[in-house]
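Work out the full structure: start from the sequences and follow the hints.
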Amino acid sequence: MVFFPAGTRFRIQLLRACICLAISSAVAPGYADDGIQFNTDVLDVNDRKNIDLSQFSRSGYMMPGAYSLTVHINKNELPEQNIHFYPPEDDPKGSQACLSPALVEQLGLKADALKALRWWHQDECLDTTSLKGMEARAIWPLRRCT
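FYI, in mature numbering (1 follows the signal peptide of the UniProt record, and there is no 0) the residues of the sequence shown are -32 to -1, 1 to 114.
Possibly wrong hints are sitting among the right ones.
Calculated pairs, DSS-like style, for lysine-lysine (alpha carbon to alpha carbon, straight line, at most 30 Å) [stated by the list, open to error]:
#, residue 1, residue 2
1, Lys100, Lys43
2, Lys100, Lys61
3, Lys100, Lys78
4, Lys43, Lys83
5, Lys100, Lys83
6, Lys78, Lys43
Taking CB as the label site, the calculated pair distances span [what the hints assert, rightly or not]:
#, residue 1, residue 2, range
7, Ala34, Leu77, 18 to 26 Å
8, Gln(-20), Arg105, 18 to 26 Å
9, Asn18, Ala84, 21 to 29 Å
Derived from the structure by calculation, the hints contain no laboratory data. Note that beta-carbon positions come from the ideal geometry of N, C-alpha and C, so glycine has one too.
Structure, rendered in structure tokens:
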């Protein structure tokens, strides 16, 4: 057991508190830039000025089009299917998976859940926000839609 004079003990505790406060307040949050910029000078093409790589700066972005993907639902796998990706009506620069009525039938939803579903893109695609807890995203390197 170490004995300090009363004043010294107080100063050590005060110093300890000041050091802890200084260390904990020194952390500042960092924020990433909104987008990633690509250097098109590394591309070996003649038409660099007409290439828009900014679309790929968004996480999870898929170019609009049809992709042959394996569908995973709660760790269950459906056979490979063509999944179309379209820009959503509220975000023309985005992309969203189009789950067709034929694919939705394979999900095994209950009747009351089926009645509550909403559709978009001329009623060809499921509005995933109409089913609580559902999300549709592509995991491209694995070629699957979850």
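These are the hints, each one checked on the structure:
no.	hint	in the structure
1	Lys100 with Lys43	18 Å, holds
2	Lys100 with Lys61	25 Å, holds
3	Lys100 with Lys78	13 Å, holds
4	Lys43 with Lys83	25 Å, holds
5	Lys100 with Lys83	13 Å, holds
6	Lys78 with Lys43	19 Å, holds
7	Ala34 with Leu77: 18 to 26 Å	24 Å, holds
8	Gln(-20) with Arg105: 18 to 26 Å	52 Å, violated
9	Asn18 with Ala84: 21 to 29 Å	44 Å, violated
Of the hints listed earlier, those the structure fails to meet are numbers 8, 9, in rising order.
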